[in-house]
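Residue strings, one per chain:
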Amino acid sequence: MPLQTGYTVAIAQTALALLLAPGLVGLIRWLKARLQNRRGAPVWQPYLELRKLFAKEVVVSSNASWLFRTAPFVVFASTVAVAFLVPVLAAPLPFDSVGDLLVVVYLLLLGTFFLALAGLDPGSAFGGMGSSREMTVAALSEPTVALAIFALALGAGSTNLGQIVARTMADPAAAVSPGYLLAFGALFVVTLAENGRLPVDNPATHLELTMIHEAMILEYSGRYLALIEWAAWLKVLLFFSLLGNLFVPWGVATVLTWAALGWALATLVAKLVVLAVVLAVFETRVAKLRLFRVPELLAVSFVLAVLAITVSFLVR
Amino acid sequence: MSSGVLAVSMIAGYLGGALVACMFSRGRLVRWLTAAGALVGGASALALAGAELTGRSSGNLHVLGYLARPDLGGPQQYVQVLHIVDPLAAVFLAVVGALAIPAALYSVGYTRAWEGRRSLRMPGAMLNLFLLSMSLVPLAGSIFWFVLFWEGMAISSYLLVMTEADEPETVSAGNWYLGMTQFGLGFILAAFFLLLPPDGSGDFTALAKHAATLSPGLKSLVFVLALIGFGAKAGLVPLHVWLPSAHPAAPSHVSALMSGVMIKLGVYGVLLFGLRLLGGGPAWWGGLVLTLGAVSALLGVLYALMEHDLKRLLAYHSIENIGIIFIGVGAGMMFLSYGLPELAVLGFVGGLYHTINHACFKGLLFLGAGSVLHATHTRSMEEMGGLIKRMPRTALFFLVGAAAISALPPLNGFVSEWVVFQALLGGASIPKREVAVLMPVAVAMLALASGLAAACFVKAFGITFLGIARSHEAEQAHEAPASMQVAMAALALACVVLGAAAYAMVPALGRAVAGLGGLPPASAVTVSWRLSVPLSAPGAVGQISPLSILLGLVILLAAIPMALWLFRASRALRVSDTWGCGRIAQTPRMQYTATAFAEPLRRIFAALYRPTEDVSVDFHPESRYFVQSIAYRAHIVPWFERYLYDPVIDRVIAWAARVRAIQSGSLHAYLTYLVGALVIMLGLLMLWGR
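Chains C and W are the protein sequences, given in the same order.
All residue numbers for the first sequence refer to the numbering used here, where the first residue is 156 and numbers rise by one.
All residue numbers for the second sequence refer to the numbering used here, where the first residue is 37 and numbers rise by one.
Please keep in mind that the hints were generated in silico from the structure rather than gathered at the bench.
All of these numbers come straight from a predicted model, not from anything done at the bench.
Beta carbons are placed, not taken as given, at the ideal position from N, Cα and C, and that holds for glycine.
Distance windows between CB atoms, simulated:
no.: 1; chain 1: C; residue 1: Thr360; chain 2: W; residue 2: Trp320; range: 48 to 56 angstroms
no.: 2; chain 1: C; residue 1: Thr409; chain 2: W; residue 2: Arg610; range: 46 to 54 angstroms
no.: 3; chain 1: W; residue 1: Glu511; chain 2: C; residue 2: Lys207; range: 36 to 44 angstroms
Chain C side only, calculated, beta carbon under 10 angstroms to chain W, not exhaustive:
no.: 4; residue: Tyr261
no.: 5; residue: Leu275
no.: 6; residue: Val292
no.: 7; residue: Glu297
no.: 8; residue: Leu309
no.: 9; residue: Leu373
no.: 10; residue: Arg378
no.: 11; residue: Val461
no.: 12; residue: Thr465
My request is simple: use the sequences and hints to build the entire structure.
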């Protein structure tokens, strides 16, 4: 019975993540608009966008191959697969032992890999530019992610997400240890880079000089675009869940009762709102970096990570 | 079948194939028979290794041996030529066998283009002899036979590299290869001779027994000599310079074997010395191997990114992957010396697993690159594009290989890199903190290398296969012959299966290193079907299930279109032009090129590459507002060639010129030299002979 409930909860939390993701992005957009003295579209605007895109016809370039038509599905599937592994509501769930944090990172890289290939497929200059930049940023953020994983595994003795959550809950002091704080900072920078947020990329423009992610998916339309957008929004939600639930795990359901799950949902929404506000304020405060300044940002977060891990080793 | 029969059939298969190839220079039948010999040999090797690894072999094997009197009048001795005493050798034998089969199959189609242009004798015979010597290297049980097979491997592969010697580039590549491999051999021989026991027995068991009596300093010297010698064969930085030129120059199925298998025997050599002969050593041995591995992994992929010759790009990636293997092996050696046997097993298993996986995907990628070369007659990616439409199957297989080498789940490359990562993460429990602090650096370097590899393979696959054809040759490309396709399909399938079958691979490899150099017996590594390997803290583990990830992704990929259909998403689809900002015509020249793709990374790592660019613009004679043509050239500084090798080569040439003074051409002078040399030798003998 508990195992079956576990699977049900895992599937339910994935469905919930898919359902909440457009709302979260709508909230971030609305907050940013308010902070910038604009009225902004309503929070539910992304849902309407999805409905519109799913109903529309797809236009495919005559140069594109089957890979262009497969990539949206691979991107969506790999992101949804990650949703099964991330403790959104409860931990540890039965899928916890299927994949650890490394699997999460590399599954997301799988999506990026296919999206970058799809950007090259129609043979336009924009797509190639986007692919090249996206892969550059993805590659350079890998070491920082790896160090964040190292810091977490060092504290929890495991790379599995459920275990990390359980360890932090059992030992609250760990949450303020230098390794954890550093890993949080590193993961925050990576969240910006991986999700194409400011100051790395500007999700609101299609201008040639700023765009990375948007240039890569420029050729997509209709349901393909809907899948890619939805996957990207889900990715934001999953990164927020990681930031919220790995470092501040309180609220995550450890027993599968209605009360615990309800409380988990409430705390999840609260954490998402807090992170959305932080991101909106941050994005309003900073300007987009030049593309060749982005590596410096990633390098700084990387060096900080190395130093802090070294310190946590030496004071152990 | 007993191991003896399998070993004999392996040798007979390869020799038979070589013999057939020697007799005829052309014809379809001869191509098939040559390949059939290699197929029999490869299948037997695989069966032999499989029996050993699964514990079903019929005891220790003495296939070939002879009776000898070491000194006249002494007692007769049984001298082993070949034996399998440990499953470690079986792992490498399995890799040779597993790649020999697709490579042989592929050669049938690939060599068809040579019909009438060049004789099939030499390539066919050498292919079989190359495979034979590679299979025998891990089976050799004494110095003499090891060196004999090692040199057989070097010479046969040199002759294979020189197959297309009509191109000056090939000759230079061959010279580099021969030079570096003989340089390495010198160090290997020196290492062996330092280990030689007083009675002169070159048997490996005797060597190991003698090694135990040596002083630590001498042991370390032996290990460093062996590491240089075998590192040159494996392509460790800075001994890698021959690899990016020699591997691409060879015919593609030979490139696959050289990159997939031959360089791995360098790994075997390091393990042979480090574990079996010397029985483990101080921590700095492992640290040295780990450092060289991490540097190779990063520099290999960084140079691969700048490479627009498809086969050279793959060759640089071999340096990267050898680096990853050495990271695993080095971490294992370090853990062993710090008394962390479980983590040591994890490190070695990661290295060996990646050895097998790299053989599969690099073999696949080289065969894929060979199909592209076969179809377009060029290796430059800048002249390709759009091949996915004309070579759909090759493209699919290449894509699988590209995803596997980029460590994307659920394929095999990811699983073995995961094991290496887990070993390094466990390195936090090294008791010496100042050493443990190095582990996060290694983790970050490995992560950066794998991220850059993904970027590099987006470039390699995207520019080659996607978009619009950039040249007439690419437009006229055709799909590879059936035999080549089957070979690639088999390796692509292996990439999927080896990833999903991690639960079987990890325990088998754990058994392969069990008991070596003080490692614990196989039972110490607990592996459930989820591939859970003990991590640092007791009770805590990193767990993944590659098989479940594979199934999950397949289910999701099937479910999404169904959900779209269920929720009545639009199914309308229109094919139209690529959006061009209002441009009307789109030409292939408007696409991103390989150079452009790698440009951001070239700028970011400018300190390493030291890029130089020349741009020359030709204007229209009437007006400077119209550009007639632009020539753009970009170079990067090849550090090692320029600052390490060129000075040495210049010095050698200068000395050689000086020595030439004694070459008078007169016979009398030469006779005088002979007598003089003899007198000096006799004098030396009189001085020290007593």
